[in-house]
Every structure is written in structure tokens, then in C-alpha cells.
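Enquirer: First to last, the protein sequences are chains A and B. Numbers 1 to 324, taken from the UniProt record's numbering, label the letters of the first sequence in order. Numbers 1 to 324, taken from the UniProt record's numbering, label the letters of the second sequence in order.
No lab work stands behind these hints: they were computed from the structure. Since we're looking at a predicted model, the values are computed, not measured. Every residue, glycine too, gets a C-beta built ideally from N, C-alpha and C. Do not rely on the hints blindly, as some may be mistaken.
If you want the ones that stay clear, here's a sample from chain A, every Cβ over 12 Å from chain B, calculated [stated by the list, open to error]:
| hint | residue |
| --- | --- |
| 1 | 98 |
| 2 | 180 |
| 3 | 211 |
| 4 | 213 |
| 5 | 266 |
| 6 | 268 |
| 7 | 276 |
| 8 | 282 |
| 9 | 284 |
| 10 | 298 |
Among the chain B residues that face chain A by a calculated CB cut under 8 Å, a handful are [stated by the list, open to error]:
| hint | residue |
| --- | --- |
| 11 | 163 |
| 12 | 275 |
| 13 | 279 |
2 protein chains.
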Amino acid sequence: MKILITGAAGMIGRKLVARLDRDGALGGRAIEALVLHDIVAPDPEAGGLAVTTLTGDLAAPGAAEALVAHRPDIVFHLAGVVSGEAEANFELGYRVNLDGTRALLEAIRAAGHAPRVVFTSSIAVFGAPFPEVIPDDFHPTPLTSYGTQKLIGEALLNDYSRRDFLDGVALRLPTICVRPGKPNKAASGFFSGIIREPLAGQRAVLPVPREVVHTHASPRSALGFLLHAAAMDTAPLGGRRALTLPGVGVSVAEQIAALERVAGPDAVALIDEVPDPTVRAIVAGWPTRFTATRARDLGFEADADFDAIIRAHIEDELGGAPGN
Amino acid sequence: MKILITGAAGMIGRKLVARLDRDGALGGRAIEALVLHDIVAPDPEAGGLAVTTLTGDLAAPGAAEALVAHRPDIVFHLAGVVSGEAEANFELGYRVNLDGTRALLEAIRAAGHAPRVVFTSSIAVFGAPFPEVIPDDFHPTPLTSYGTQKLIGEALLNDYSRRDFLDGVALRLPTICVRPGKPNKAASGFFSGIIREPLAGQRAVLPVPREVVHTHASPRSALGFLLHAAAMDTAPLGGRRALTLPGVGVSVAEQIAALERVAGPDAVALIDEVPDPTVRAIVAGWPTRFTATRARDLGFEADADFDAIIRAHIEDELGGAPGN
Numbered sequence: 001m002k003i004l005i006t007g008a009a010g011m012i013g014r015k016l017v018a019r020l021d022r023d024g025a026l027g028g029r030a031i032e033a034l035v036l037h038d039i040v041a042p043d044p045e046a047g048g049l050a051v052t053t054l055t056g057d058l059a060a061p062g063a064a065e066a067l068v069a070h071r072p073d074i075v076f077h078l079a080g081v082v083s084g085e086a087e088a089n090f091e092l093g094y095r096v097n098l099d100g101t102r103a104l105l106e107a108i109r110a111a112g113h114a115p116r117v118v119f120t121s122s123i124a125v126f127g128a129p130f131p132e133v134i135p136d137d138f139h140p141t142p143l144t145s146y147g148t149q150k151l152i153g154e155a156l157l158n159d160y161s162r163r164d165f166l167d168g169v170a171l172r173l174p175t176i177c178v179r180p181g182k183p184n185k186a187a188s189g190f191f192s193g194i195i196r197e198p199l200a201g202q203r204a205v206l207p208v209p210r211e212v213v214h215t216h217a218s219p220r221s222a223l224g225f226l227l228h229a230a231a232m233d234t235a236p237l238g239g240r241r242a243l244t245l246p247g248v249g250v251s252v253a254e255q256i257a258a259l260e261r262v263a264g265p266d267a268v269a270l271i272d273e274v275p276d277p278t279v280r281a282i283v284a285g286w287p288t289r290f291t292a293t294r295a296r297d298l299g300f301e302a303d304a305d306f307d308a309i310i311r312a313h314i315e316d317e318l319g320g321a322p323g324n
Numbered sequence: 001m002k003i004l005i006t007g008a009a010g011m012i013g014r015k016l017v018a019r020l021d022r023d024g025a026l027g028g029r030a031i032e033a034l035v036l037h038d039i040v041a042p043d044p045e046a047g048g049l050a051v052t053t054l055t056g057d058l059a060a061p062g063a064a065e066a067l068v069a070h071r072p073d074i075v076f077h078l079a080g081v082v083s084g085e086a087e088a089n090f091e092l093g094y095r096v097n098l099d100g101t102r103a104l105l106e107a108i109r110a111a112g113h114a115p116r117v118v119f120t121s122s123i124a125v126f127g128a129p130f131p132e133v134i135p136d137d138f139h140p141t142p143l144t145s146y147g148t149q150k151l152i153g154e155a156l157l158n159d160y161s162r163r164d165f166l167d168g169v170a171l172r173l174p175t176i177c178v179r180p181g182k183p184n185k186a187a188s189g190f191f192s193g194i195i196r197e198p199l200a201g202q203r204a205v206l207p208v209p210r211e212v213v214h215t216h217a218s219p220r221s222a223l224g225f226l227l228h229a230a231a232m233d234t235a236p237l238g239g240r241r242a243l244t245l246p247g248v249g250v251s252v253a254e255q256i257a258a259l260e261r262v263a264g265p266d267a268v269a270l271i272d273e274v275p276d277p278t279v280r281a282i283v284a285g286w287p288t289r290f291t292a293t294r295a296r297d298l299g300f301e302a303d304a305d306f307d308a309i310i311r312a313h314i315e316d317e318l319g320g321a322p323g324n
């Protein structure tokens, strides 16, 4: 079996490559080869598998065709310009997130072998106002160009699946937490920062009140969602290929309580509460919780609780022990 | 004020041109000129207004720019390949309904004068299963390429409006009934046929049980929706520019009872019940009723009842009296 991964140089892409290399199989079928694509050269940590890497703009003429020429059995389409960049650069966002996705789907349609396609959508397809808990049949009304582009990608994936050009699953991922690496300027960055920095013995800023509720998934569970989507029976999805995924819906206060249980009061003492009205206003426009009933019924498993999310970070990123 | 109409040669387009010519104004502002576009030459019945007609493929390079070069204050984007054709010809549907719409929106963005854009979407954005009455916040899950293309058009219109590139309103029109002209092969054709043909003294076939419920709007009320959308205050729409419009939700039995009230038992006697399981199955996948609360609150007015729909047909198409 061959697997194509776009966005392979990203955080989730790299973890996915490493995991596929370790497993050597997916859904009970041996993996022969990986085809990796990104705008920067992916750095494959896949010693045991044959790896082809391709670099460039997916929307450029011939780029998607060159990838699909490998006739992958499974396509993980992770590539995309992130939310802030798509908002700052209208044309770039549409080129990468819409034209790139469409070019990939069209290349797959032309190839004619109807692979499984797992597409990372986002909860950014939702826009305020919404209910306290968003049900699976709530309408997506994005308030960003990124969310709009993800919604269009979902719509195309649905139609191409209905036509049997491919066999698609679109995953609306919760916010990934604890996101490894350095702090970034994303408005959501503090959700990870207030856990990651204290565990590394560093101070972290909390810009919003502790009552703020948000839904999280660990990188480990995000990887589990991708692998499950790649191997699942898609017949029960019918014409509705987009799934809002389950996560851990908690308040910031509950996040901090979990940090104290896992790493003690010294870790919590490293959090500085510095209210930021701008961040507060942005976060107020984000959804808080989801029922995610359909995805749960289809076997997508969230982290057990926020303690488990913190422990996954310690095990996967810190070698099993906090650095402080 | 200048007004651009795409799809100007279609049934609604022609009625819109005639109405604008008669009114000479829209929303209290005098109309100076009309720019009409279609794939076939529009036949303007607009004696009193300056009319420019352009013919061709809206998705062709430069076509949309040539239209928008007239700097219309209002754009009615009615053009599109219909449902059956978009389903039969995948590439044509995407070219006209997606690429054509995107080309128009991009030309408007480049022009920079942010006109009002009224886009005819469709209840085809909805796909079974759905509740008996569809609320305004129910998720669109199209089961046709046409519905997918309309949904993508709505998403683009929302994002371009949010960015202030234009000031958009997307109208999810109910089924138009009584549709004038000859019977066509659309699966929904009988909803109009069982009224139109008996009023003209012709026999009509009813292929579904009388219990089937569907929501209708007269061509007259559809025109009213377009004019209201062109002149309304869009501020209350916020980021949600797509409106499910109100109509008359009735069973076929209620349609027939209305026909008897308006035109007598002789008209009803011209309906032949010939069950067609194929049509029955198609219709079973269609939505039945909508709350359309938002659109009603924003001043969009449905026909009073199905009797009014029949009377509008008699007045507007039959010179005030049934032909039988």
C-alpha cells in the first residue's frame, strides 16, 4: 500500500510519518511506500519505508498530478495555509487552501482509482453565534477566510465521494493541545502555553479569564483520528463526509487544576494572569463544546480528560518527565 | 444607478428585466442602465432603459471583467447550469456554477466599488435526512453537484461580504410554482404541471401520492424576493448572508383543493394519477417545509396561500382568466 501525505513537513505531518514508519502497516495492510509533499522539503524520519519527497506549490500546474501519479491508496491531505496567514493574505489563502485542494481532488478524479482521502478540516467552519454545545447538524458559518476555505474543501470532498471519484473523510479537528514547540502568536496559543511552558520550568501568560471554555485534543489523539479515518468503513457516513471530532471540553480553570494534579503547585505558580481584552474578544467568538455524537459512534476516541492530555505531552515530548 | 443581471435570458431573468423597466427605479433610486448577460442573447423587453447585452461563458478569461467594467451598483447573479445538467455533466456544472461565480466575484473584488450582489442559491443545498420542518440553523448537506456548487457560492459570497469586497445576499429559493411555459423533464415539474396544464385545458400527470408535502413560491414572489434583497439593509445579516426564504408549504392534496376553489372541479378532473416510483423516490429526498424565520423577520414575504399562487399565475401568465 502507498500513502500520500500533503503538508508532511508540518507538526501533525511529521508525527504521522514517524508513526506510519513505526507501525509499517495501516488498517492491517502493509505500507510499501510514502509520498511526502510540502512547500518546504519534508524531513522524513521513516527509515524503514521507501519515501519519495516532492516540494512545491500544490496548486501549480502538474504538481498534484505528479503526486497522484504514484497512485496512492490513501491520501492524507493536511496541507494548508493557517488561519492567520489566510486572513492576512487573501489571495494566498484561496490559492493554497482552495485551488490546491481542488487541484488535488481533480488529479485524483483524473487518475480514476478512487483512493481514501482524509482531509483535515477545522472547527473554524463554525462562527458565532452558536449554542453552548454545538450539535452535529448545526450549520457551519465561518467568520474567517480559512474557515470558508475548509468548508468549501468539505463540500468538494462530499461531492467527489458521492460521485465515487474518491472515498473521503473530512475531520474537523478540535484545537490541538498541548502543541509542542515554541510559543507562537496564534490567539489560541495560550491554551497550550499555560501547560507547556510551566512543564518546561518557564513562565506562561494567561490572557483570558479562567471561566473560558474550549475543546482540546492532544497531538496523540489527532494522530489517532487520522489513522482511524484512513481505515474506517465509510459506508455509515452516507453523503455526510465531514465529522466534528470529539475532544476534551474544559474551562481554563479545569486545565490549571489538571496541571496541578499532574505536575504540582510549583508548575501552576509559573502562570501569570495578564488579561488581554483583544485576545478575550477573539476567543469569545470561538465555539466552546461539541456533542460530536456521530464521530464518537463511528469510533473516534477523544482523550479521557485533560490530565491525560498533559500526560501525553510529558510522555511524547518530554521523555516521560516534566523538565522543571 | 446601473444594474447587472447574469442569466438574464432565463425565466426569472426575463421577468426581472421587464419589472425593472416598468418600475424605472429600485429602492427609491432611478435606474439609468441595465447590463444583461447570458450564454444566449438576452431579449430585453426594456424599452425605457439603456440596455447593454453581452453573451458568452462567464468563466472565460475577461468575461466577468467586461461585465463589471460597467461598475454596476447592483448585481443580480442568476446565471447557472440547472440541477439535472450539472449532475449529468460534472465538468460543465463546476465550470459554470463554481468557476463562473468565482470569476464574477473576483472581478468585483478587483473593481473595488463593492456593489450589492444578490445571488440565487437553492434549497438544493439541503439533503436528506432532515427534520419535517428545517430550521434556519440546520446544516446544508447537498446531495447533488448543483447543490454543492450553490453552497460553495454562498460560502464565497459570505467571505467576500465579510471582507467588504461586495455586499452580498444569497437567496435559497423554494421551488418556483406555477412555472410558466411548457412541461419539462425536471422531477419537480409535476408540482407546476398539475396546476398549469388544467388551467390551460390540458391533461396533467400526478406521479406521487397526494400526501407529498413541498414548499412553493410563485414567480411573482420570487421577483419580490430579488427586489427586496437588492434594496434591504444588510447590516442585520451579519456574517450570515444566506437566507432560506419563506414559501407556501402544502401537500399535493392541498394544491389540488386550491385548484378546485380557484378553477372548479372540471380543472381538477384533468389530473391523471399515474404513480411513478422513480419520481416518488427522488421527491422523498427533498425537504418539505422550512421555518424561514430569519427571512420573514427581514421582510421577505411569501405568497399568502396556494390559492394566491394559482391566482398569480392566472393574472401574470393567462391574462386574468384560465384558458379552459
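Enquirer: If a hint holds in the structure, say so; if it does not, say that too.
Expert: Status of the hints after comparison with the structure:
1. 98: violated (9 Å)
2. 180: Residue 180 (chain A) clear of chain B: closest Cβ-Cβ about 31 Å, beyond 12 Å.
3. 211: Non-interface label on residue 211 (chain A) holds, nearest chain B Cβ at 25 Å vs cutoff 12 Å.
4. 213: Holds, because the least Cβ-Cβ distance between residue 213 (chain A) and chain B comes to about 20 Å, which exceeds 12 Å.
5. 266: Per Cβ check, residue 266 (chain A) is outside 12 Å of chain B; nearest 44 Å; holds.
6. 268: holds (38 Å)
7. 276: The claim stands: residue 276 (chain A) keeps its Cβ more than 12 Å from every Cβ of chain B (closest is about 24 Å).
8. 282: holds (15 Å)
9. 284: holds (15 Å)
10. 298: holds (16 Å)
11. 163: For residue 163 (chain B), the interface hint holds, since the closest Cβ of chain A sits about 7 Å away, which is under 8 Å.
12. 275: At about 26 Å, which exceeds the 8 Å cut-off, the nearest Cβ of chain A leaves the hint on residue 275 (chain B) violated.
13. 279: Nearest chain A Cβ about 20 Å off; hint violated.
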